[in-house]
Each structure stands twice: as structure tokens, then as C-alpha cells.
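All chains, please: the whole structure from these sequences, using the hints.
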Amino acid sequence: MTPVEPQRQVWCPRRPGAELRRKVGVCRIVFTNPDLRAAQTPLAVSKTVDLAQLIGLSTYLFDIEGVGAVAAYGVVRAIAPTVGVPLVTATTSRLGPGTLLMCLGITAAIATAAITTAVALEGPVLTVIVLAGILHVILGAHRPVTSALMPTLVGTSEKLLACTAVTGLLDGVTFLAGPLLAGLLLVAAGPAAVLYATAVLHAVAALISARLAGPAPVPPINRRVPATRAFMATAEVRVTTILVAAQTFVRGALNVIIVVFAIEVAGLDSSAAGLLLAAIGVGALVGMPIAY
82 MTPVEPQRQV WCPRRPGAEL RRKVGVCRIV FTNPDLRAAQ TPLAVSKTVD LAQLIGLSTY
142 LFDIEGVGAV AAYGVVRAIA PTVGVPLVTA TTSRLGPGTL LMCLGITAAI ATAAITTAVA
202 LEGPVLTVIV LAGILHVILG AHRPVTSALM PTLVGTSEKL LACTAVTGLL DGVTFLAGPL
262 LAGLLLVAAG PAAVLYATAV LHAVAALISA RLAGPAPVPP INRRVPATRA FMATAEVRVT
322 TILVAAQTFV RGALNVIIVV FAIEVAGLDS SAAGLLLAAI GVGALVGMPI AY
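The opening residue of the sequence shown carries number 82 in the numbering used here; numbering runs sequentially from there.
Everything labelled a hint here was simulated from the structure, so no lab data went into it.
Only true hints are included.
Label pairs and their computed distance ranges (CB to CB): (1) Val285 <-> Leu335: 27 to 35 Å; (2) Ala171 <-> Val281: 24 to 32 Å; (3) Asn114 <-> Glu146: 40 to 48 Å; (4) Leu288 <-> Gly147: 33 to 41 Å; (5) Ala291 <-> Thr113: 17 to 25 Å; (6) Pro115 <-> Val331: 34 to 42 Å; (7) Ile338 <-> Ser228: 24 to 32 Å; (8) Ile145 <-> Ala347: 14 to 22 Å; (9) Val148 <-> Thr237: 44 to 52 Å.
These numbers were taken from a predicted model, which means no experiment stands behind them.
Think of the CB as a built atom: it goes at the ideal place given N, C-alpha and C, for glycine as much as any other residue.
Shown next, in the form of C-alpha cells:
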């Protein structure tokens, strides 16, 4: 007998439109589940608020102190979460990720209210930047806390993959919604209005995540292996870490450049910075189905 040669599987790339429709269908699966919806919504709100505050605070700082203050704010946005987020997420095993997520929303609302007060009273720039650093530690902790929460809310690996796909889709949506919200509010009422609106959004996110409060099982961490050695054990992880660090550097520089270009170079009003950053969000929505 002549052996039958196994058929080779031919990889066919998916069309961007079909991939986008698939992701929309996955969104329906996630957002019809109340617990998954309560976990994903605060994460989307935190990213929307982060970008809206970026435009609002950068515009305010540029008007008060110029490019130097905007650059200092950008540095604090990058460094503060790097130092503070591991400290915050270390409390996950004690509080439970659901309770911690609710506490993050409440604390973010309070911190944003403090920043808004400082801006409205034209307080010291240093105070505004320090408060912004505290806030960005809280915002930076939302994603790892949500990632720790998701496996406790889903029963199958397919649903966990659906949650990951929805997170990617929401990233593109929030990159458009946050700057657009800031630009519209800057036109209507100024930077303080942007911050007031983001404080309200934080409070709403905390209320939504309240249904998740309570202790949740978290897998124990193997403490016999140093975290740094385990994290840097493979070349793939090292390369990914370098790329993420480079992306953070480029994004931080771009945030400063957009504000300076819109106001000082192009001679546009402060809302133009929000619209320019929103244009990047449009690009993210268009490119995401192709990337996936």
C-alpha cells in the first residue's frame, strides 16, 4: 500500500473586515455577562480618563509654565506608575482583585477632585504634578488588577480569550474617546471642566465595579524564584520588555510634541491638541484589525 501523504494546512490571512466583525461578536459575549461587564467598564473608563486628563492637564500646564511643565508632567506620567503600580498590585492577594478595583476607582475620583481644585484655584504647578503622579499610579494599576480578576469570572478559556480581545478593541475606542472628550470640553469650558468630568467618570466606574467587591481566590506566587530572574529568563521576554520601554518613551515624547505643535507651532487653540490625539485613535481603530 502506498502511504497516504497528510494534507498540508494552508494558512489564509483573515480580511480586516471579517476580523473586526469577529471582535464585535466577541464584545457581545463579554458585555452580556454582568460580572465581565463590571470588570471591563472600569478599565475602559480609566484609559479614557487618562487620555482626557493628558490633554486637559497638558494644556493647563503649557498655559501656566510652558513646555518645561508639560515635559515634567510627561516624565511623572511614565515614572510614577513604574514605581507605584507593583506596590498597589501587591495588595491584590489580601483585598481580592474585585475589592481593589473598586478602591482604585474611589481613590482615583478623590485624587482627580484634588487636582481639579488645585487647577481651579491656580495652585502651585508642583502640587498639580505630584497629585497627577499619584493618580497615574492608580490608573496604571487598573489593567493588572483587571487581568488578575478575569480568570475568577470566566468558566472557560474561550471566554478568557474573548475578554482579551475586548480589551484590545476597547484600547482603540478609548484612544479616540478620551482626547475627543477633552477637546470638546476644552472648547466649551476649559481645562477645569475636563478634570471635573473625569472625576465623575471615576466615581461612576467605582460604582460599577462595586458588584465585584469581595475576596477572590488568587493563585499563590512561587517565592523561591526571584521575580527579576524569572521575568528575564528568556530572550523573547527581554526583547518584549525593551520594545515596551521604547514605545513608552516614544509615546511620552509624542504627548508633549502634540500639545506644543498644536498651540505654539500651528497657532491653534487648546482643543486642537485633543483632536490631534483623537486622530491617532482613529488610526488605532483602523490598524487594529489588520494587526490581529
